[in-house]
Amino acid sequence: MSEAIRAILTVVVVLLAVLTVAGGLVWVERRLLALWQDRYGPNRVGPFGVLQVLADMIKLFTKEDWVPPFADRAVFILAPAIMVTTSLLSFAVVAFAPRIVVADLNIGLLYFLAMSSLGVYGVVLAGWSSDNKYSLLGGLRAAGQMLSYEVFMGLSLMGVVMLAGSFNLSAIVEAQRRIWFFIPQILGLVIFAVAGLAETRRIPFDLPEAENELVAGYHAEYSGMKFGMFFLGEYVGITLISAMIVSLFFGGWLGPWLPPLAWFVLKTVVVIAGFILVRAALPRPRYDQLMALGWKVMLPLALLNLVVTGGVVLART
Amino acid sequence: MATCMAQSPADQLRARFGGAVLAVQPTRDEVPTVWISGDRVRDVLRYLKSEIEQPYRMLYDLTAIDERERVNRQGQPSSDFTVVYHLLSLDRNADIRVKIPLRGEFPALGTITDLWPSADWYECEVWDMFGIRFNGHPHLRRILMPPTWNGHPLRREHPARATEMEPFRLPPEKEAREQAALQFHPEDWGMRRRRDDADFMFLNLGPHHPGTHGVLRIMLQLDGEVILDAVPDIGYHHRGAEKMGERQSWHTYIPYTDRVDYLGGVVNNLAYLLAVEKLAGIEVPPRAKVIRVMLTELFRIISHLVWYGTFAQDLGQMSPVFYMFTDRERAFGIVEAICGDRMHPNWFRIGGVAQDLPRGWDRLVRDFVDYLPPRLDEYDHEVLRNPILRARTKGVGVYTLEQAIDWGVTGPALRACGLEWDFRKKRPYSGYEQFEFDIPTGIHGDCYDRALVHVEEMRQSLRIIRQCLENMPAGHYQSDHPRATPPRKDRTMHDIETLITHFLGVSWGPVIPPGEAFQGIEATKGNNGYYLVSDGATMSYRTRIRTPSFAHMQTLPLVTRGAMIPDLIAVLGAMDYVLADVDR
Numbered sequence: 001m002s003e004a005i006r007a008i009l010t011v012v013v014v015l016l017a018v019l020t021v022a023g024g025l026v027w028v029e030r031r032l033l034a035l036w037q038d039r040y041g042p043n044r045v046g047p048f049g050v051l052q053v054l055a056d057m058i059k060l061f062t063k064e065d066w067v068p069p070f071a072d073r074a075v076f077i078l079a080p081a082i083m084v085t086t087s088l089l090s091f092a093v094v095a096f097a098p099r100i101v102v103a104d105l106n107i108g109l110l111y112f113l114a115m116s117s118l119g120v121y122g123v124v125l126a127g128w129s130s131d132n133k134y135s136l137l138g139g140l141r142a143a144g145q146m147l148s149y150e151v152f153m154g155l156s157l158m159g160v161v162m163l164a165g166s167f168n169l170s171a172i173v174e175a176q177r178r179i180w181f182f183i184p185q186i187l188g189l190v191i192f193a194v195a196g197l198a199e200t201r202r203i204p205f206d207l208p209e210a211e212n213e214l215v216a217g218y219h220a221e222y223s224g225m226k227f228g229m230f231f232l233g234e235y236v237g238i239t240l241i242s243a244m245i246v247s248l249f250f251g252g253w254l255g256p257w258l259p260p261l262a263w264f265v266l267k268t269v270v271v272i273a274g275f276i277l278v279r280a281a282l283p284r285p286r287y288d289q290l291m292a293l294g295w296k297v298m299l300p301l302a303l304l305n306l307v308v309t310g311g312v313v314l315a316r317t
Numbered sequence: 318m319a320t321c322m323a324q325s326p327a328d329q330l331r332a333r334f335g336g337a338v339l340a341v342q343p344t345r346d347e348v349p350t351v352w353i354s355g356d357r358v359r360d361v362l363r364y365l366k367s368e369i370e371q372p373y374r375m376l377y378d379l380t381a382i383d384e385r386e387r388v389n390r391q392g393q394p395s396s397d398f399t400v401v402y403h404l405l406s407l408d409r410n411a412d413i414r415v416k417i418p419l420r421g422e423f424p425a426l427g428t429i430t431d432l433w434p435s436a437d438w439y440e441c442e443v444w445d446m447f448g449i450r451f452n453g454h455p456h457l458r459r460i461l462m463p464p465t466w467n468g469h470p471l472r473r474e475h476p477a478r479a480t481e482m483e484p485f486r487l488p489p490e491k492e493a494r495e496q497a498a499l500q501f502h503p504e505d506w507g508m509r510r511r512r513d514d515a516d517f518m519f520l521n522l523g524p525h526h527p528g529t530h531g532v533l534r535i536m537l538q539l540d541g542e543v544i545l546d547a548v549p550d551i552g553y554h555h556r557g558a559e560k561m562g563e564r565q566s567w568h569t570y571i572p573y574t575d576r577v578d579y580l581g582g583v584v585n586n587l588a589y590l591l592a593v594e595k596l597a598g599i600e601v602p603p604r605a606k607v608i609r610v611m612l613t614e615l616f617r618i619i620s621h622l623v624w625y626g627t628f629a630q631d632l633g634q635m636s637p638v639f640y641m642f643t644d645r646e647r648a649f650g651i652v653e654a655i656c657g658d659r660m661h662p663n664w665f666r667i668g669g670v671a672q673d674l675p676r677g678w679d680r681l682v683r684d685f686v687d688y689l690p691p692r693l694d695e696y697d698h699e700v701l702r703n704p705i706l707r708a709r710t711k712g713v714g715v716y717t718l719e720q721a722i723d724w725g726v727t728g729p730a731l732r733a734c735g736l737e738w739d740f741r742k743k744r745p746y747s748g749y750e751q752f753e754f755d756i757p758t759g760i761h762g763d764c765y766d767r768a769l770v771h772v773e774e775m776r777q778s779l780r781i782i783r784q785c786l787e788n789m790p791a792g793h794y795q796s797d798h799p800r801a802t803p804p805r806k807d808r809t810m811h812d813i814e815t816l817i818t819h820f821l822g823v824s825w826g827p828v829i830p831p832g833e834a835f836q837g838i839e840a841t842k843g844n845n846g847y848y849l850v851s852d853g854a855t856m857s858y859r860t861r862i863r864t865p866s867f868a869h870m871q872t873l874p875l876v877t878r879g880a881m882i883p884d885l886i887a888v889l890g891a892m893d894y895v896l897a898d899v900d901r
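Residue numbers (the numbering used here), protein chains in the order written: chain G, 1 to 317; chain E, 318 to 901.
If you're looking for bench data, these hints aren't it; they were derived computationally from the structure.
Accuracy of the hints is not assured; some may be wrong.
Quick list of in silico lysine to aspartate or glutamate cross-link-like pairs, EDC-like style, CA-CA up to 20 angstroms [to be verified]:
#  : chain 1 : residue 1 : chain 2 : residue 2
1  : E       : Lys743    : E       : Asp755
2  : G       : Lys133    : E       : Asp546
3  : E       : Lys743    : E       : Asp408
4  : G       : Lys133    : E       : Asp516
5  : G       : Lys133    : E       : Glu753
6  : E       : Lys742    : E       : Asp408
7  : E       : Lys366    : E       : Asp723
8  : E       : Lys711    : G       : Asp288
9  : E       : Lys560    : E       : Asp408
10 : E       : Lys560    : E       : Asp852
11 : E       : Lys366    : E       : Asp408
12 : E       : Lys711    : E       : Asp697
Examples of chain E residues lying across from chain G (beta carbon under 7 angstroms, computed) [what the hints assert, rightly or not]:
#  : residue
13 : Pro527
14 : Gly531
15 : Leu632
16 : Pro704
17 : Ile705
18 : Arg709
The beta-carbon is built from N, C-alpha and C at its ideal position, and this holds for glycine as well.
For reference, chain G alone in the conformation it holds in the complex (with noise of 0.2 angstroms):
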């Protein structure tokens, strides 16, 4: 019985936690890209304008719930929740600390891959569905660049896998106890941070959105807490990408002194201030480059490294 409470119990405080942490990130995110551009940011609402992001959810959820009527009704009320939700559903994998995991599944990290899959159908439908040229470009991309982009996000994680012969997160960390896969997979590291760049769709990869070229691109036509999703979604998105980054290549939780949370919080936040700080100094390529970056570059490089990690892994055994 007290099991099925903690597990509840881990699951409310989990999806609070990621939720509150993907809203604060936004206000993060304005500050730093403000200090960086010699500018303030929000800072009018709240002490150092934190409430900021209390503010805007509070407009969010007050205008009016809009559906274009050529959009195809169904599909464009359920996309951002494809994309919230499979973001979200991907947590429950991820070990925060030693015991606290919603799901301790030995496949975590396929669950992950797999997670990060369906949310490509977010975007792929909201750009379909809004019946917008604009909106149509957007979704066109989004599909071709994340099909390519997963390829070598799941073939760069292999090392690490082969490594530590488990694809449990929680085994993973553990395993990482004598040296951080950072070290020993700096390739797959960097391979993987590319990936995830992809994934959340930020500069320099988020030519789905492109403001410059595609006005918002595949979230165009969306308002009021249905774009609210997709800000929330790559938010989230962000979150995860850095959470699996500490996970698989940081020693998760492991650290000395601090409790094993701490630890991991305080890496994720290092992290993410290094994916905005990517976006703050990145300009964006155009789509054939991003694919021939994926196809020609990204991919070989993750097969080389695969086949470099295996060859160590047998000589070793």
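Given the coordinates of chain G, work out where chain E should sit on it, guided by the hints.
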């Protein structure tokens, strides 16, 4: 200059075409102005473009004059409407103006779109503004005014103010007509709907789109994301700047020029005033000249900084624009201290500038010229050397030097093709010949080279500003010529003649003697020129504004066919235009 030529071009034309040369008109700007009969226009222009030695390869401007109310036309053939072709020879560094007299209310003339592709938009503009038809033009249409507009605005009988017209009404049938005019029919834009088994997608980009920097509409014919055709639809920013020139006094027109290239501020004033001063025969004192140069170069930097930031922004880089706007604020601080206003200072005057430099101006300017160079170096690292940005702009939006000249491209875009052509060097005005600076050029004529030229120009402008700072002449900031406006106040209380001149100059504005003058300058975005016709009144008879952005925008289909949508945005970003400069 063409000193080595045995014969003047007018003589050559006379020898070649005999009776077709109706007259040679003297003008204040000393540009050879030859009247040709309308039936020989294509032959004459073809001769000037390709057969004459040292040909006039650029169609610099094409416009018209409604002559029906003009009084002072001594020595000119009788004409109701005159079409003016302004050609530029890069080899001679000289211009020629070919004028065609036309009779009748709605005359017609043969097209020259087969000689110069850039004549397309210019002929449309003349049709739109004057109702002069060009026979054989592939698609003569209204280009600046809405398709449902009644009348041709630059004709004398067309009212300049809304108060001179009937009150606006929108009855249902007119509303229906306006709505119908908004519908998109690909055939009207010269596009096909399908090819073989594929249906094309038509994408309406703008007039409200984050990538177009203003109210520009581009119709795209797409196959996937590949652009098969891109047709710009301009005119959304048309404010009748040329028409306003005919109802404002010579002096009160100055603030209108500020708003033509609205990022260029006083640079516009300079082009206009140099033409006015040429007509009036005013010599500007040295101090005023140097002040003008200093502010012009400061505004070149201001304009280029906006271009730089938005260029990076167009390519998806979000931070640079903030840095560059911060720098621009500093420059505006100087402009504000000197002129009292920021973006549109309206500060140059006929015969000089509005006021002397304020105390402490040198410290402000020195701080700025010391501050900016390290920042520009930093931006090089951040923007120009970024590999993604290079991949996005190298080899994108290319035109060759020949194409550039054919399409009337000037300014940084022409220099990016490898030609060192800058009016400040080639035809120094306002004392530019006294300054030391280099003209940066590119090689490839692509978006990246355009960017490089822009950035290097800012460094050269800083050099010029530093020279102004160190060599600012003493003396007065305003000419004591009687037509200089506003006239000097200090002597008015001493004798009645000066008082009367002052009174008339301020209340009516100066009367500029009859004549015609053109002055082109190296503006921020290319060659900006004012072609002024005075009929001896307090207002201009015809004000023609030749803007670089109009010519540059016309090249868009040329460089984007076969490219992708992101390339289109990169081309627009590197083009450096503002819509007010396109539409006027």
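We went through each hint and held it up to the structure:
1. At roughly 12 angstroms between alpha-carbon atoms, Lys743/E and Asp755/E fall within 20 angstroms of each other, so this suggested pair holds.
2. Only pairs whose Cα atoms come within 20 angstroms are accepted, and Lys133/G paired with Asp546/E is accepted, the gap being roughly 17 angstroms.
3. For the given pair, Lys743/E sits about 11 angstroms from Asp408/E by alpha-carbon distance, which is consistent with the 20 angstroms threshold.
4. As the CA atoms of Lys133/G and Asp516/E are separated by approximately 14 angstroms, the hinted pair is consistent with the 20 angstroms bound.
5. The suggested pairing of Lys133/G with Glu753/E is violated, with an alpha-carbon distance near 52 angstroms, which exceeds 20 angstroms.
6. A C-alpha spacing of about 14 angstroms is found between Lys742/E and Asp408/E, which places the hinted pair at or below 20 angstroms, so the restraint holds.
7. Taking the CA atoms of Lys366/E and Asp723/E, the gap is near 10 angstroms; set against the 20 angstroms cutoff, the hint holds.
8. Restraint check for Lys711/E and Asp288/G: the C-alpha separation of about 15 angstroms stays at or below 20 angstroms, so the hint holds.
9. Under the criterion of a C-alpha separation no larger than 20 angstroms, the hint pairing Lys560/E with Asp408/E is inconsistent with the structure, at around 34 angstroms.
10. Pair hint Lys560/E plus Asp852/E holds up; C-alpha atoms about 15 angstroms apart against a cutoff of 20 angstroms.
11. Restraint check for Lys366/E and Asp408/E: the C-alpha separation of about 12 angstroms stays at or below 20 angstroms, so the hint holds.
12. For the proposed pair Lys711/E and Asp697/E, the alpha carbon gap of about 16 angstroms is at most 20 angstroms, so the pair holds.
13. Hint on Pro527/E holds. Least Cβ distance to chain G is approximately 5 angstroms, under the 7 angstroms limit.
14. Look at Gly531/E: its Cβ only gets to about 14 angstroms from chain G, farther than 7 angstroms, so that hint breaks.
15. At its closest, the beta carbon of Leu632/E sits 4 angstroms from a beta carbon of chain G; the interface hint therefore holds under the 7 angstroms criterion.
16. Checking Pro704/E against chain G by beta carbon gives a least distance of about 9 angstroms; that is not within 7 angstroms, so the hint is violated.
17. Using the Cβ-Cβ criterion of 7 angstroms, the hint placing Ile705/E at the interface with chain G is satisfied: the shortest such distance is roughly 5 angstroms.
18. For Arg709/E, the interface hint holds, the least distance from its beta-carbon to any beta-carbon of chain G being 6 angstroms, beneath 7 angstroms.
Hint compliance for this structure: hints 5, 9, 14, 16 are broken, all remaining hints hold.
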